[in-house]
Amino acid sequence: MAGLGFACLLLGLAICAYGIGASVYGVRSGRVEFSESGRRSVYALAGILTVAFAVLELAFLRNDFAFNTVASTSSRTTPGFYRAAAVWSSQEGSLLLWAWLLSMWSSLALFLTRRRMRDIASYATAILLGFGGFFVALMVFYANPFATTRPAPAEGQGLDPLLRFPTMMIHPPMLYSGYTLCTIPLAFGMGALLARRVDADWIKAIRRFAFAAWLFLGVGILLGARWSYSELGWGGYWGWDAVENASLMPWLTGTAFLHSLMIQEKRGMLKVWNVSLVLATGTLAIMGTFLVRSGVLNSIHAFGGATLGVPFVCLIGVLIAGSIYLVVSRRDMLRSEHRLDSLISRESAFLANNVVLVGLCFVIFWGTYFPLISEALTGQEASVGPPWFDRYTVPLALVLVLLSGIGPVIAWRRATLANARRSFLAPLATALLTLVVLLTAGVASKPLAIAMFCCAAFVFGSIGQEFFRGVRARRAMAGESVPRAFTGLVRRNRRRYGGYVVHLGIAVLFIGVAASSSFQHASELGLSPGQSTRVGAYTVRYVRPTATITPRYDAAHTGSTLSLGAVIDVSKGGRHVATLNPSEGYYASQEASQGTVGSLIGGQPVSHVSMNAGITRDVWSAIEPDIEAPALQRIVRAGNSALSPEEALVAIGYLAREYLKHPPQAQFHFIVSPLVMWIWIGGLIVFGGGLIAIWPTPSVVRRRVAARSRARAVRGLARA
Amino acid sequence: MSALIAILILLLLGLIVLVVGAPLRAARRGDLEPQPQETLAGHPVQATAAELEVEHDDMEAAREAKYREIRDAELDFRTGKLSREDYEAIDAQLRAEALEILNRLEPVEPPE
Chain W
964 MAGLGFACLL
974 LGLAICAYGI
984 GASVYGVRSG
994 RVEFSESGRR
1004 SVYALAGILT
1014 VAFAVLELAF
1024 LRNDFAFNTV
1034 ASTSSRTTPG
1044 FYRAAAVWSS
1054 QEGSLLLWAW
1064 LLSMWSSLAL
1074 FLTRRRMRDI
1084 ASYATAILLG
1094 FGGFFVALMV
1104 FYANPFATTR
1114 PAPAEGQGLD
1124 PLLRFPTMMI
1134 HPPMLYSGYT
1144 LCTIPLAFGM
1154 GALLARRVDA
1164 DWIKAIRRFA
1174 FAAWLFLGVG
1184 ILLGARWSYS
1194 ELGWGGYWGW
1204 DAVENASLMP
1214 WLTGTAFLHS
1224 LMIQEKRGML
1234 KVWNVSLVLA
1244 TGTLAIMGTF
1254 LVRSGVLNSI
1264 HAFGGATLGV
1274 PFVCLIGVLI
1284 AGSIYLVVSR
1294 RDMLRSEHRL
1304 DSLISRESAF
1314 LANNVVLVGL
1324 CFVIFWGTYF
1334 PLISEALTGQ
1344 EASVGPPWFD
1354 RYTVPLALVL
1364 VLLSGIGPVI
1374 AWRRATLANA
1384 RRSFLAPLAT
1394 ALLTLVVLLT
1404 AGVASKPLAI
1414 AMFCCAAFVF
1424 GSIGQEFFRG
1434 VRARRAMAGE
1444 SVPRAFTGLV
1454 RRNRRRYGGY
1464 VVHLGIAVLF
1474 IGVAASSSFQ
1484 HASELGLSPG
1494 QSTRVGAYTV
1504 RYVRPTATIT
1514 PRYDAAHTGS
1524 TLSLGAVIDV
1534 SKGGRHVATL
1544 NPSEGYYASQ
1554 EASQGTVGSL
1564 IGGQPVSHVS
1574 MNAGITRDVW
1584 SAIEPDIEAP
1594 ALQRIVRAGN
1604 SALSPEEALV
1614 AIGYLAREYL
1624 KHPPQAQFHF
1634 IVSPLVMWIW
1644 IGGLIVFGGG
1654 LIAIWPTPSV
1664 VRRRVAARSR
1674 ARAVRGLARA
Chain P
-1 MSALIAILIL
9 LLLGLIVLVV
19 GAPLRAARRG
29 DLEPQPQETL
39 AGHPVQATAA
49 ELEVEHDDME
59 AAREAKYREI
69 RDAELDFRTG
79 KLSREDYEAI
89 DAQLRAEALE
99 ILNRLEPVEP
109 PE
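Protein chains in written order, with the working numbering: chain W, 964 to 1683; chain P, -1 to 110.
This is chain W alone, in the form it adopts within the complex (with noise of 0.2 Å):
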């Protein structure tokens, strides 16, 4: 099977080597049935990726360890759900899972543009299969997934420890689709630049896909803090790390697109700008896959041994070579059709929103790869840490909430002062409010919170508003009651509506964000059984130990030969809380020196975190037991010097009697962090307002609206 896999690689680079060569001689030529063949190519990647992807899938599943990916990332032992999933915790597996997606959504991106702008479109397929070709590539000469060793080996080394979470499983796919969707933008831009057509078909072609990899990346993103934030035991859920960060850029730029473009569709304005954000997203979602398979990092998200970082290189260069070619040379065809009528616009609102996220894009940029860069020239470790990216985010996210709130109070094209302050007042009226409640609470030592909190106050009074006047006024029109007059509101104006909640969703996220980093309490503490100690309000009383050995009673699949820890009491103010249970799991490992007992408990421990969550704060807690301990380890060593490897869990069963019968003291981490489920829910509400925002009107809705418009078109121009 291995063999068919490979195959399917080597015909696909075939198929990508044709298409390309297809679609450039049919744009070319003028030759369509050659631009025909030449995505007809896509669809063959999609379906030869698709069975070599389900070769992969088909081996974890069956326990092929013949398959070197195979066993290196899973065992027998490992649940089926990860196991399936384990496909793309490896380099060789994830970078198929990213062809594959690739190969997928460009597919769909092609079809659905099959009867439009053919000249765009083929060079469009050109490049698509330019990146399909490169992943492809990849494969067969660098990291093959289908590489196997013979004899197969008879078990495998399990999934790492950490990645046994299961939005840790999900969150490579939604990011792997939106770094993959973020190149059909690209694709189309770099076709609308090459074809010389930078009018508004291609924008309206791409518009629903930029949109798609912005929901995608973001909800990869959040997926991913969570999984930081719930699995491991540091208890933040974003550290500025470089693979978030470069996560995080591709989503900004794409995240000022999607509002530029609206300005681009309308008024024929910024297309410099628009081409730009679209060859620059695409070209730092093409970085944030190389930073993790660069061999420049050591972390987590990195994936270690093989360095592709030559390859990933030269097509970053060649990205960012051809886009600044492309721009300069077609910047005639570029210039804007109109003017900003006034500063008192929407424009202008989008436009200051526009400046500040790629601000925030620079900054994370420069802290991410200047550290990097300078240690590769000099060889000096270099390091930018969060204090450093907080000193320059901070006020910039502050500008943005703001902007957020002030755009969709402001008209379009211009707006009077009078109707300016008319609209401003309401949400001014609940920033103020906000404030005062804020100091009257003697909240006044976090200065930036309570910014944050007055500028997402501000968001929650334009977004009401604007709900609130746009039923009004459609009741006014149409007569219908409340629910229906909302409903219509929605549906009539979904990119506008969808929008607002998107916006609403943000605030929401922020305030978390906000609360979380500034009125957090955090503790380290030592603890023995019985003792108890004081965090901010909260008293935090060890209860008891606890210990438990796998395979039999491993609920949640963890995979640890041992989990120590501990029952946790949370009171305030006499009254009971929470009870927490965080443990830290011991895991096998393949060195033979360690014993046989020290084998079955000497590999990375993970800490399993215990957390009660809640809608006002998340009372968090992690724990190192002291394993060390002399009592613990005089059973190991005596367990090693006396004990057959497969006597070796008798001794565990001993550790884990002594660790409850004489338990040593605990360090525990302890957090109480308020409103961070606002960070969750804010990311839901974001989901959700892109939805509506994406969700196609129905055709027979959109006839029957294009035809109300040209009549009233022309029986205004007839009135005047």
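Certain hints may be false.
Covered stretches of chain W (in silico footprint by chain P; criterion: 3 or more residues with CB under 8 Å from a CB of chain P, positions within the stretch not fixed) [said to hold, decoys possible]:
| id | region |
| --- | --- |
| 1 | 1002 to 1016 |
| 2 | 1102 to 1116 |
| 3 | 1160 to 1173 |
Cβ pair distances, simulated, as ranges [unchecked claim]:
| id | chain 1 | residue 1 | chain 2 | residue 2 | range |
| --- | --- | --- | --- | --- | --- |
| 4 | W | F1074 | P | E98 | 31 to 39 Å |
| 5 | P | I3 | W | G1272 | 54 to 62 Å |
| 6 | W | I1283 | P | G78 | 57 to 65 Å |
Think of the hints as simulated: they come from the structure by calculation, not from any bench.
In this text, a Cβ means the ideal position worked out from N, Cα and C, and glycines have one as well.
Start from chain W and add chain P according to the hints.
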């Protein structure tokens, strides 16, 4: 590699050739629309068919964008973001632009 795998690979290859080559075979049979260079050298009417289609697509996209602008302007007025004077001026301008697009669109119908 087993014979079964080899047969599967050959089948896949055959399927790929079938799918990807279909437009080329159709063109040889004459099923696809005539090509500007091959059949229309010296026939400027056919040579502009592709250009007409391109212009038609662009005009359609511009028309839809203009309709959306008209609706947005009305919604801005009804939700109090635009004064009546500003709305009427913008509305008249947008309708004129829409009519211009419609007039340009009608003669630019791509050939069947």
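Hints and how they fare:
| no. | hint | in the structure |
| --- | --- | --- |
| 1 | 1002 to 1016 | holds (count 7) |
| 2 | 1102 to 1116 | violated (count 0) |
| 3 | 1160 to 1173 | holds (count 6) |
| 4 | W:F1074 to P:E98: 31 to 39 Å | holds (33 Å) |
| 5 | P:I3 to W:G1272: 54 to 62 Å | violated (34 Å) |
| 6 | W:I1283 to P:G78: 57 to 65 Å | violated (46 Å) |
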